[in-house]
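So the sequence lines, in the order shown, correspond to chains A and B.
Going by this note's numbering, the first sequence opens with residue 2, and the numbers climb by one from there.
Going by this note's numbering, the second sequence opens with residue 398, and the numbers climb by one from there.
Among the clues, some could well be false.
[As the list claims (entries may be wrong)] Beta-carbon label-pair distances, calculated as ranges:
#1 B/VAL461 to A/ARG215: 31 to 41 Å
#2 A/LEU235 to B/ALA435: 56 to 66 Å
#3 B/VAL471 to A/THR48: 37 to 47 Å
#4 B/GLU489 to A/GLU176: 46 to 56 Å
#5 B/ALA435 to A/ARG215: 50 to 60 Å
#6 B/THR619 to A/GLY76: 48 to 58 Å
#7 A/VAL158 to B/PHE468: 21 to 31 Å
#8 B/ASP434 to A/GLY128: 51 to 61 Å
I should point out that these hints are in silico values taken from the structure, not numbers from a laboratory.
All of these numbers come straight from a predicted model, not from anything done at the bench.
By construction, the Cβ of each residue, glycine as well, lies at the ideal position given by its N, Cα and C atoms.
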Amino acid sequence: MALLSYILKRIGYAALTVFFLMVLTFLMMQLLPGNPFLGDKAISQVTMDALYAKYGLDKPLWEQFLIYMNNFLHGDLGLSIKYNRPVNTIIADSFPYSAELGIRALVFAACFGVGLGVIAAIKRNTGWDSAAITLAVIGVSIPSFIMGALLQYLFAVKFRAWFGFGLPTMGWKGEATKILPTLALCFGTMATVARLTRTSMLDVLGQDYIKTARAKGLTDSEIVGRHALRNAILPVVTILGPTAATLLTGTFVVESIFNIPGLGQFFVKSIRENDYTMIAGTTVFYGIFLVAATLVVDILYGFIDPRIKLTGSRRES
Amino acid sequence: MSMSKAKNAAKAAFEPEKLLPIDCDLSAEDFAHVGPDAERRDEIVRPSISYWRDAMRRLKENKVAVACMIFLVVLILFALIVPLVSPYTMSEQHLQHPNEPMFFRAEDGHMHIFGTDDLGRDLFMRLWLGTRTSLYIAVSVVVINLLIGVIYGALAGYFGGWIDNIMMRFIEIIIGIPYLIIVILLSMIMKSGVTSLIIAYAIVGWVGSARLTRGQVLSLRTQEFIIAAHALGSSPWRLIGSHIVPNLLSVLIVNLTLAIPSAIFTEAFLSYIGLGVPLPHPSLGNLAQEGTLRFMFYPQQLLLPAIVISLTMLSFNMLGDGLRDALDPRLRT
């Protein structure tokens with residue numbers, strides 16, 4: 002029962018957050034400087050009025066907002082002013098690229114991050130440990146756009162010069178083109194996961210039930226695999242929500258650097274081009290996506306780890 | 398064996414008859430038992446070590462944190478001094494010398510230590526001015542966020558009850574939105590520039606420190622010294638200002654140090670996607686963005702700002718970890 006009311010409460014907050022975001026986005030769009038119709042050629046006042054009427058920009062603010070909300074509730078995010086295509090279609094076309102990139106990066110970061118963290122914790126205070134920590138600290142300190150450019154330089158330019166072959170740096174066709182963007186995007190997350198895994202693994206390894214397992218004569222690999230790891234990766238689940246946000250903003254730059262036709266690149270472009278409806282639509286889409294991701298992670302965590310109190314507020318990331 | 402021998406010797410040495418010269422007039426009656434001195438007894442011989450001095454001592458033992466601190470001081474000095482003494486200005490173009498390598502010497506005898514960019518602007522000057530801009534933005538953002546967050550969180554935690562409930566519900570709602578998306582929206586409607594970047598970040602960035610402060614205040618509130626101060630009639634402002642905030646300081650300092658790298662990252666990210674510091678004014682993000690355009694041919698133009706960004710973030714992170722260990726020994730792992 003407590004779980005059910007907790008879930009309902011969280012869904013309520015999520016809905017409020019989305020509404021708040023929509024109001025905010027809508028108001029922002031009204032305050033934006035510039036005019037989407039001011040292009041290279043001068044437009045007469047009559048044409049301008051007609052354009053305003055076509056996109057509903059001549060109506061009073063509250064009416065525009067109601068229309069916007071109504072359309073949104075019917076799943077319509079409006080028409081992109083620059084591309085003259087429905088924002089829904091653009092998102093549907095480009096988001097799969099971003100999602101694929103994000104999921105690849107997430108899986109990679111989770112596997113290697115947990116692996117690194119476990120190795121560092123088991124071989125505590127050895128060369129392995131310091132190497133893993135150094136890698137983790139460097140990973141946290143290098144922004145993904147610099148990582149992307151460095152990877153391009155190293156694996157495309159330098160490798161070609163040294164070994165006669167290199168990895169492709171542009172586009173999203175074929176496995177080879179996907180390696181570098183995934184690496185660039187996942188490095189920071191991998192480092193965070195590794196640090197967290199190491200801390201929680203060290204905590205778990207000091208628990209009494211590990212001593213019991215050792216006293217029973219289990220081998221080290223059995224202890225780690227069956228008893229320690231399961232408990233140690235629990236806290237890692239909590240950062241999946243914030244990680245979704247990190248990866249998502251990471252796609253903005255990584256897609257621009259590697260020229261991947263994903264939604265992140267579209268978003269950055271539409272900001273530069275003052276494409277009101279596109280920005281509003283994409284922001285709301287991203288907002289809902291992230292709110293949903295956090296919600297799912299928080300609820301899942303309640304099932305995975307029954308020890309946490311569901312009545313408490315969300316955990317610190 | 399040797400111990401008991403030494404004891405016997407000492408006993409023998411203290412026999413007054415043997416110690417005093419034969420012709421001495423002193424006798425046992427000339428001495429009186431003084432008893433303990435009431436004043437001297439309470440005197441503390443060693444200087445007491447304050448909490449901050451103790452923390453400093455622990456911090457000094459942490460070699461990595463000290464190295465990071467020294468690096469940051471040197472970095473700040475360079476960022477402050479180089480733009481003042483450089484023979485070039487930030488936008489001065491030497492079109493006859495574009496994209497020159499490091500340590501390039503022009504005909505007029507001036508050296509471009511880090512070379513020039515595609516417009517022939519001196520990169521040494523631009524890099525340090527950019528570092529100054531980025532640090533200025535990061536530090537102001539973090540300080541403003543901290544002030545707002547501490548006031549908000551302290552009020553919510555102190556008053557509790559329905560006030561706390563409403564204030565926290567508000568935070569619950571806005572924390573769901575990633576701050577970077579709001580910063581992007583805000584920096585679009587404001588005229589791009591350093592000030593609007595700071596304002597945009599400050600509007601959304603205080604939530605974390607507000608939650609942190611509230612949690613700390615809630616746990617402090619029930620402690621005896623707060624109840625005592627309350628019983629003695631302290632006003633809420635006095636309670637918050639002179640009892641709660643000083644106890645929060647260590648947590649907040651660590652939070653501040655660890656928030657700076659993320660602020661540097663945000664500035665670099667926004668400048669990179671074209672919403673940050675407007676050109677030609679340099680910032681670390683701008684320089685990195687310009688560097689990526691040409692790094693295939695002139696890698697130093699990207700590597701230099703990249704190294705500064707990464708080392709600065711690294712140092713603040715390590716210093717923050719060190720400070721946390723030093724300020725709160727209970728948390729040490």
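Hints and how they fare:
Judged by the Cβ atoms, the range 31 to 41 Å given for B/VAL461 and A/ARG215 holds: they are separated by roughly 33 Å. Take A/LEU235 and B/ALA435: their Cβ atoms lie about 60 Å apart, and the range 56 to 66 Å holds. For the pair B/VAL471 and A/THR48, the supplied restraint of 37 to 47 Å is violated, since their beta-carbon distance comes to about 60 Å. Between B/GLU489 and A/GLU176 the Cβ separation comes to about 48 Å, which falls inside the hinted range of 46 to 56 Å.
Under the hint 50 to 60 Å, the C-beta atoms of B/ALA435 and A/ARG215, about 59 Å apart, fit the expected range. Here the CB-CB span from B/THR619 to A/GLY76 is close to 50 Å, well matched to the stated 48 to 58 Å. For the hinted restraint 21 to 31 Å between A/VAL158 and B/PHE468, the CB-CB distance of approximately 30 Å keeps it satisfied. The given range of 51 to 61 Å is respected by B/ASP434 and A/GLY128, whose C-beta atoms sit roughly 59 Å from each other.
Taken one by one, the earlier hints fail for this structure only at number 3.
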